[in-house]
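J.: Single-letter residue listing:
2 protein chains.
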Amino acid sequence: MSKPELLFNELCLHERETSYLKSTLALLEWDQQTKLPKSADDFRSKQITFLAGQIHQRCTDPRRGDMIGELVDSKLAANVNSDTGATIRELKREYDKQVKLPAKLVESLARAASLGQSIWVQARKDNNFKSFAPHLKEIFSLKQEEADALGWEECRYDALLDEYEPGAKTKEVAKVLDDLRVELVPLVAEIAESSVRPPTEILQQTFPIEAQKKFGREASAKIGFDYDRGRLDVTHHPFCTETGPNDCRITTRYDEAFFNTSFFGTLHEAGHGIYEQGLNPEQYGLPLGKYCSLGIHESQSRLWENLVGRSLSFWEYFFPHAKTHFPKTLANVELDEFHQAINHIAPSLIRVEADEATYNLHIIIRFQLEQSMIDGDLSVVDLPEAWNNKYEQFLGIKPPTDTDGVLQDIHWSAGLIGYFSTYSLGNLYASQFFAAAEQALGDLDAMFRKGDFSPLKNWLNLNVHQPGMRLTGPELGRQVTGNDLSHKLLITQLRQKLSPIYGL
Amino acid sequence: MSKPELLFNELCLHERETSYLKSTLALLEWDQQTKLPKSADDFRSKQITFLAGQIHQRCTDPRRGDMIGELVDSKLAANVNSDTGATIRELKREYDKQVKLPAKLVESLARAASLGQSIWVQARKDNNFKSFAPHLKEIFSLKQEEADALGWEECRYDALLDEYEPGAKTKEVAKVLDDLRVELVPLVAEIAESSVRPPTEILQQTFPIEAQKKFGREASAKIGFDYDRGRLDVTHHPFCTETGPNDCRITTRYDEAFFNTSFFGTLHEAGHGIYEQGLNPEQYGLPLGKYCSLGIHESQSRLWENLVGRSLSFWEYFFPHAKTHFPKTLANVELDEFHQAINHIAPSLIRVEADEATYNLHIIIRFQLEQSMIDGDLSVVDLPEAWNNKYEQFLGIKPPTDTDGVLQDIHWSAGLIGYFSTYSLGNLYASQFFAAAEQALGDLDAMFRKGDFSPLKNWLNLNVHQPGMRLTGPELGRQVTGNDLSHKLLITQLRQKLSPIYGL
Chain F
1 MSKPELLFNE LCLHERETSY LKSTLALLEW DQQTKLPKSA DDFRSKQITF
51 LAGQIHQRCT DPRRGDMIGE LVDSKLAANV NSDTGATIRE LKREYDKQVK
101 LPAKLVESLA RAASLGQSIW VQARKDNNFK SFAPHLKEIF SLKQEEADAL
151 GWEECRYDAL LDEYEPGAKT KEVAKVLDDL RVELVPLVAE IAESSVRPPT
201 EILQQTFPIE AQKKFGREAS AKIGFDYDRG RLDVTHHPFC TETGPNDCRI
251 TTRYDEAFFN TSFFGTLHEA GHGIYEQGLN PEQYGLPLGK YCSLGIHESQ
301 SRLWENLVGR SLSFWEYFFP HAKTHFPKTL ANVELDEFHQ AINHIAPSLI
351 RVEADEATYN LHIIIRFQLE QSMIDGDLSV VDLPEAWNNK YEQFLGIKPP
401 TDTDGVLQDI HWSAGLIGYF STYSLGNLYA SQFFAAAEQA LGDLDAMFRK
451 GDFSPLKNWL NLNVHQPGMR LTGPELGRQV TGNDLSHKLL ITQLRQKLSP
501 IYGL
Chain Z
1 MSKPELLFNE LCLHERETSY LKSTLALLEW DQQTKLPKSA DDFRSKQITF
51 LAGQIHQRCT DPRRGDMIGE LVDSKLAANV NSDTGATIRE LKREYDKQVK
101 LPAKLVESLA RAASLGQSIW VQARKDNNFK SFAPHLKEIF SLKQEEADAL
151 GWEECRYDAL LDEYEPGAKT KEVAKVLDDL RVELVPLVAE IAESSVRPPT
201 EILQQTFPIE AQKKFGREAS AKIGFDYDRG RLDVTHHPFC TETGPNDCRI
251 TTRYDEAFFN TSFFGTLHEA GHGIYEQGLN PEQYGLPLGK YCSLGIHESQ
301 SRLWENLVGR SLSFWEYFFP HAKTHFPKTL ANVELDEFHQ AINHIAPSLI
351 RVEADEATYN LHIIIRFQLE QSMIDGDLSV VDLPEAWNNK YEQFLGIKPP
401 TDTDGVLQDI HWSAGLIGYF STYSLGNLYA SQFFAAAEQA LGDLDAMFRK
451 GDFSPLKNWL NLNVHQPGMR LTGPELGRQV TGNDLSHKLL ITQLRQKLSP
501 IYGL
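Same order as they appear, the protein sequences are chains F and Z. Taking the numbering used here, the leading residue of the first sequence gets 1, the next gets one more, and so forth. Taking the numbering used here, the leading residue of the second sequence gets 1, the next gets one more, and so forth.
Worth flagging that the hints you see were computed from the coordinates, not collected in a lab. A couple of the hints might just be wrong.
Unchecked claim - Lysine-lysine pairs mimicking DSS-like chemistry, simulated, CA-CA at most 25 angstroms apart:
#  : chain 1 : residue 1 : chain 2 : residue 2
1  : Z       : 46        : F       : 46
2  : Z       : 38        : F       : 214
3  : F       : 35        : Z       : 175
4  : Z       : 222       : F       : 38
5  : Z       : 457       : F       : 38
6  : F       : 214       : Z       : 222
7  : Z       : 290       : F       : 22
8  : Z       : 457       : F       : 213
9  : Z       : 290       : F       : 35
10 : Z       : 46        : F       : 35
11 : Z       : 171       : F       : 35
12 : Z       : 213       : F       : 213
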């Protein structure tokens, strides 16, 4: 082996060993959310902090930086999309980020985020934006510092966006989200004006939790979540995590009085899980075995939740099963009504309760506001008014309180800035991937109707999951769909499904 | 602070940090037994091996040895039972052991144990001792090497016993176990000759598992296992582990057709758990916050399982609750019959299914045999015959096959030699602690009858749990009971309970 090859192997071994610690950290966190006894929380925080510190030490080890530096100039890095090239490229990107941030700034951010979250909880409870404003101001100011430390060219927000969506540019994201808004706002308005009111009350009957558990597990297994390589547990805030290449753990929560919460939540997390399970286990711990970006991750959850799980063909297969699981509750419910009800679209104030169409408007509002804040065009004191104006403009409703408005999300208080847009990027990628899959595989609805979800899953495995981080999100999107990211297919798909329901 | 004090603090900090990793390792193992998806086992082994390696590195760090060495000669170590003295004494004992064993021997032992276990599984299945014999020979030979590397004075077996029962001497253990045998054998024979046959069939009816779960949880909580600081899960092989000072996790298994398996198993593990929960959380990760020995640990499980859980007074309180949980099954069962049935005594072949009295004979057989093997007086080829002869001599029955005889336990195949006697030491300590508690607290039966278990639990917390490793097992026994370890109280207590049942 050549010297760069030996060095590359040494570096990869180091990464794999770090992955033992990272996946163990993920287990500590999963257990904390799902199984930890009440009084054990303090010690768990100490275990997590200590292990995170050990991982940070390994990752910022100057010897690692030297190895990466040497490899960047070697022939192994010549083609940035080759196995070795992509691996070196991504390890360098990650290492540079970690060493670019001054320790003091990292500490300040951690402290501000921790304090910010507890202040936010109280402020939200008290509907008191003023008490939160100084902390939010500090967080945004620290995030500006972070962006400057990381470096940027076109605009400061790029640096923060890159954390979650490597390779994406603010300008392009802003453009595609604004295109989406221009067509979504009238679509939502048309629906609001329609005389059709889906019978949503049928989803708000009694759905016994044990039956929900069985049905959710059955459906998630059927679409391709592998329970030999994963688990499903209960948490208040659902999530997906992985604690090894064959160990993906998703969670959901159950509401006996509302069907959607757990069922669509489980499909959503199973979509994330199918992505994790579709990554190359041989590359576990290395960039080629890691998810591409948050937007691509979200595309997989949204695709299974909405494009598959809210389609008529999905329910042509699953509705008889639903009737078996909820024989009393669904005795007098027809498939068409049920399909209408799960596709109810209406402007609302709270993002996490929004439907699949209006959800994007909630995101666009946050994206535009946080971008203005980071670029310095909007000040914290003016934020609630700006928020409310945008809600009125995009959704036609105005939050009566800040609790139902600018104070509703945890993200900003936790320093997660640049994150929101990945939710809508996920919806856009999902629609384009889905269309590309249909083009490649033929009539997906015909397959769903028969309960055959494996062609779609296998196509996603091969085209979207297997590349890992070989390409950036935008590159992957172009490679898989032949097109740049665009709002068009999402609008087309929404109109196709919603027009017959609402008589548009 | 003086220099030794500064050094002592530094050493303790290092220990506490190591405890974050050790408890995390315990979580990886707990999760492996209880929650891990089927296909995730390989990677979990890698995580465990890596973390164990990191811990070993920390523990054998020469800098740590230097610190301990310096402290041993300081005034802080002058009194070996003071806070600092006991801490230094135990850290030194542990460090010395770890550095005394050559890395090559540790590796050979790990490999032999791993291979030995899989060969044993097959040999047991095939009733083929011969195929296991060469591996067992190697394991015993490596354990002899280990004993010699660790060093010993009176006999080689001392070195191995010290691993599980620090401070105990083979000669003394052999004496007390032989005294016990001399009185147990005739007691068991008397019972076998009695015309009384407890109605054990009432325990082999249908006990719905959900009701067993509720009842087991209720009873374990009532005797003092704190579910805010612990959990109860299901595994095939029940165990107790801790993953933090406020996080003790026990497991059990359920057999719908047999009451005892989960109920007494849960009491047993809860007893271990109450001990762990009774250790000083401020000293977590340090010797003063660690269990004293396996024998002392076992004394706590046996005390709650047998001395409390099989007493008439316990069931005077709990039997009405049992009737509530199993209304149909226990409808026509009387308290007295039930109490007789759970105290059924009869010689049997399999240790893990043995009753509280004959169990000790199973242990004594193993203790005597492994001691002879380590001392070189018995060879592997003669082991099955020696085993069978002892069963005939002590229990009056002869195993029809090696599967039901010498091949029944996993311990030797896993290199656990010196371990068995701690089970019976536990029974002996339990009987002496129980008698001491009764002397201090008055009529325990009267308390149990009212469901009041906290005086006993609190007494154990204070006298047995809080000292941690301040004293060795034999020292703790003497401090708490005023006497050396002896078989007498165990025989007295057994006779007291069993005489009215069997009309002895």
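J.: Each hint needs a verdict: does it hold in this structure or not?
T.: Here is what the structure says about each hint:
no. : hint          : verdict
1   : Z:46 / F:46   : 23 angstroms, holds
2   : Z:38 / F:214  : 19 angstroms, holds
3   : F:35 / Z:175  : 46 angstroms, violated
4   : Z:222 / F:38  : 18 angstroms, holds
5   : Z:457 / F:38  : 22 angstroms, holds
6   : F:214 / Z:222 : 33 angstroms, violated
7   : Z:290 / F:22  : 28 angstroms, violated
8   : Z:457 / F:213 : 40 angstroms, violated
9   : Z:290 / F:35  : 24 angstroms, holds
10  : Z:46 / F:35   : 23 angstroms, holds
11  : Z:171 / F:35  : 45 angstroms, violated
12  : Z:213 / F:213 : 20 angstroms, holds
Comparing the model with each earlier hint shows violations of hints 3, 6, 7, 8, 11; every other hint is respected.
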